[in-house]
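Student: Got chain C sorted already, so can you dock chain D onto it with the hints?
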Amino acid sequence: MKISLGCVPFYWPAETLKSFYQDIASLPVDIVYLGESVCSKRRELSTGEWIELGQEITRSGKQAVLSSLALIEARSELATLKRLCDNGEMMVEANDMAAAEIMHERGLPFVTGNGINIYNANTLRVLHTQGLVRWLFPVELSAQCLTDILRDARQMGFASQIETEVLSYGHLGLAYSARCFTARAHRLPKDRCNFICKDYPEGLPLSTQEDQELFTLNGIQVMSGEICNLLAEAQAMHDMGVDIMRIAPTTVDMTDVINEFRDTLDGKTTTTTSTGDAVSNGYWYAKPGMEHVEPGATPES
Amino acid sequence: MELVCPAGNLPSLKAAVDSGADAVYIGFRDDTNARHFAGLNFNDKKAHKALDYARDQGVRIFVAVNTFAQPAGWERWTRAVDLAADLQVDALIAADIGVLGYAAETHPELNLHLSVQASATNARALDFYFDNFGIRRAVLPRVLSLPQVRALAEDSPVDLEVFGFGSLCIMAEGRCYLSSYLTGQSPNTFGACSPASAVRWEDTEDGGLETRLNGVLINRHAAGCNAGYPTLCKGRFNVAGQTGHALEEPTSLNTLELLPELRQLGISAIKIEGRQRSPAYVAQVVRVWRQAMDALEQDPSHFTIQSEWSKVLAAASEGSQTTLGAYSRPWQ
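The listed protein sequences derive, respectively, from chains C and D. Numbering-wise (my numbering), the first sequence opens with residue 1 and increments by one. Numbering-wise (my numbering), the second sequence opens with residue 1001 and increments by one.
Just so you know, the hints here were simulated from the structure itself, not pulled from any lab data. Careful, some of the hints might be misleading.
[What the hints assert, rightly or not] Below, computed lysine to any residue pairings styled on SDA-like, alpha-carbon distance capped at 25 Å:
#: 1; chain 1: C; residue 1: Lys190; chain 2: D; residue 2: Thr1243
#: 2; chain 1: C; residue 1: Lys18; chain 2: C; residue 2: Thr58
#: 3; chain 1: C; residue 1: Lys287; chain 2: D; residue 2: Trp1074
#: 4; chain 1: C; residue 1: Lys18; chain 2: C; residue 2: Gln63
[Stated by the list, open to error] The calculated label-pair distances, taken between Cβ atoms and stated as ranges, are:
#: 5; chain 1: C; residue 1: Pro189; chain 2: D; residue 2: Asp1155; range: 23 to 31 Å
#: 6; chain 1: C; residue 1: Asp30; chain 2: D; residue 2: Gly1228; range: 46 to 54 Å
#: 7; chain 1: C; residue 1: Asp211; chain 2: D; residue 2: Glu1205; range: 17 to 25 Å
#: 8; chain 1: C; residue 1: Arg106; chain 2: D; residue 2: Ser1307; range: 53 to 61 Å
#: 9; chain 1: C; residue 1: Met156; chain 2: D; residue 2: His1221; range: 46 to 54 Å
The C-beta atom is built at its ideal place from N, Cα and C for all residues, glycine as well.
Here chain C stands alone, though its shape is the one from the complex (with noise of 0.2 Å):
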């Protein structure tokens, strides 16, 4: 199975974004998607800059996907959107319908990330036909149901035409909305952030009256309190059909995670130990997603 790295959720200093990804490069990831996927006021690196960095990834030998926003509603984010779509060499991750679109007009092969809610392969086949080649599985999804969407595209005979992904590790999307929470918890009005979500470089985390850890905050969007860790499914996931296992990066430094991810599917190590104690994998055994189930227990459909 290949490892694919998800697009930087948080907002990061240009220098920081760029010192990752080149750090990135020397890492054993096949694919790494990058762009800004939540907030069209983060600005830090511009399109081109985006563009530019995606060349630098392909040149290094890895498959560099452009992330496209999520949440699109302004002209102006059309017009961003457009310039990805346009730039020549690199596929596009499809986060709003409106990429989706675009890339069909052009003729362009895509993939689909997360909040494109496909949850049967009829879906599936409908977006097989206007260019996804690839498709990030939804998360509130569970195993059971990514075995069934995965027998029916076979039975539709599209199933070998496309890669399955699944988002195996870091904090979940959750949510998205036109508020900003970061700025609101800090009493601030949208249109005048200060680019707050600068000050958490991990998000800003939200707990209960009894301090459960419950979400984390980034901007527009509410992620998962815990993360979310799959790496124990890695068989399971290769038997069914599963292509790519995706990382989110979850802070400045992935290089264990990414280590720990490689050597397990290789076959160097059975252990889990960089990749924490509090994680949650419910979704997969179609329980609460904040649940913790012991991997290998019988899903439920």
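Tutor: Just chain D now, kept in the frame of chain C:
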């Protein structure tokens, strides 16, 4: 402009029709629609009755089949679409691309509306649904500001319907999995947010009340305070050293004051949320909106909100307060 009103059962449907709805939307009695609550919605027989009652008064009926189908239940969604087609409903409201594809292929005569759950917030996303399935109308997610609605009304390939009044989803609809993260069930997968089966109300020693969702503390209420339903995005949480409504307060959306501008933009329909509400609620809210929309049609340049309307709508609102939501930039 068309006034599109909710009905969770036959009495509510009659209330909506009698109070001045132009169209009423309903769902079937399973997880194929986004108000899948116990005791709510229509079976085959009740749907026929609803249709007869509405048609007699010249009111249109829409059916929402607007959750996302998983393979194990796929036939429930196709059956729901088939039933809507058999009933010859005036529109099918759907979100799932697979379901829309099935409806367009199998029942080309069906008038398709794109559900808010499809989360289409821009012209190119709407182009996708128009090009592929021939949708004629789209319900806009409650995330756009008024200037954004204006721009979209100019660029959209289809008619637009916007939310006028009711419970306020603050997340882009169809892209919110917060509920399943806590409970295993979400609007997408189950047709309900913060489902009642996961709710616990617990008295505290000091006479207060705690509300929980699958064991997770959503809110604490002091003795004597009103405790609302623990919809998780309206709970009180700790963020950056403060405890409060980190996501949103208990409040309802009310866009009555935007009505003249929405009309001017060419918005086709105003949607009232609330299929889970009582017939009395539906009657009250629909009557106010009917009066307001009639007053606007009669004299567009002198539209004023009557204090009686505001009073009725405030009383019908969550926490007795209303907001313009994302239509107003400061809210965002």
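Student: Run every hint past the structure and note whether it holds.
Tutor: Hints and how they fare:
Restraint check: the Cα-Cα separation between Lys190(C) and Thr1243(D) comes to about 20 Å, which is no more than 25 Å; the hinted pair holds. Taken as a hint, the Lys18(C) and Thr58(C) pair is honoured in the structure, with Cα atoms around 15 Å apart against an allowance of 25 Å. The straight-line distance between the Cα atoms of Lys287(C) and Trp1074(D) is roughly 20 Å, inside the 25 Å bound, and the hint therefore holds. A threshold of 25 Å between alpha carbons decides the hint, and for Lys18(C) with Gln63(C) the separation of about 17 Å falls inside it, so the pair holds.
Hint check: Pro189(C) to Asp1155(D), Cβ distance near 27 Å, so the stated range 23 to 31 Å holds. The hinted window of 46 to 54 Å between Asp30(C) and Gly1228(D) holds, with their beta carbons roughly 49 Å apart. At about 19 Å, the CB distance of Asp211(C) to Glu1205(D) agrees with the hint of 17 to 25 Å. Judged by the Cβ atoms, the range 53 to 61 Å given for Arg106(C) and Ser1307(D) holds: they are separated by roughly 55 Å.
A hinted range of 46 to 54 Å for the beta carbons of Met156(C) and His1221(D) is consistent with their spacing of about 52 Å.
In this structure, none of the earlier numbered hints is contradicted; all agree with it.
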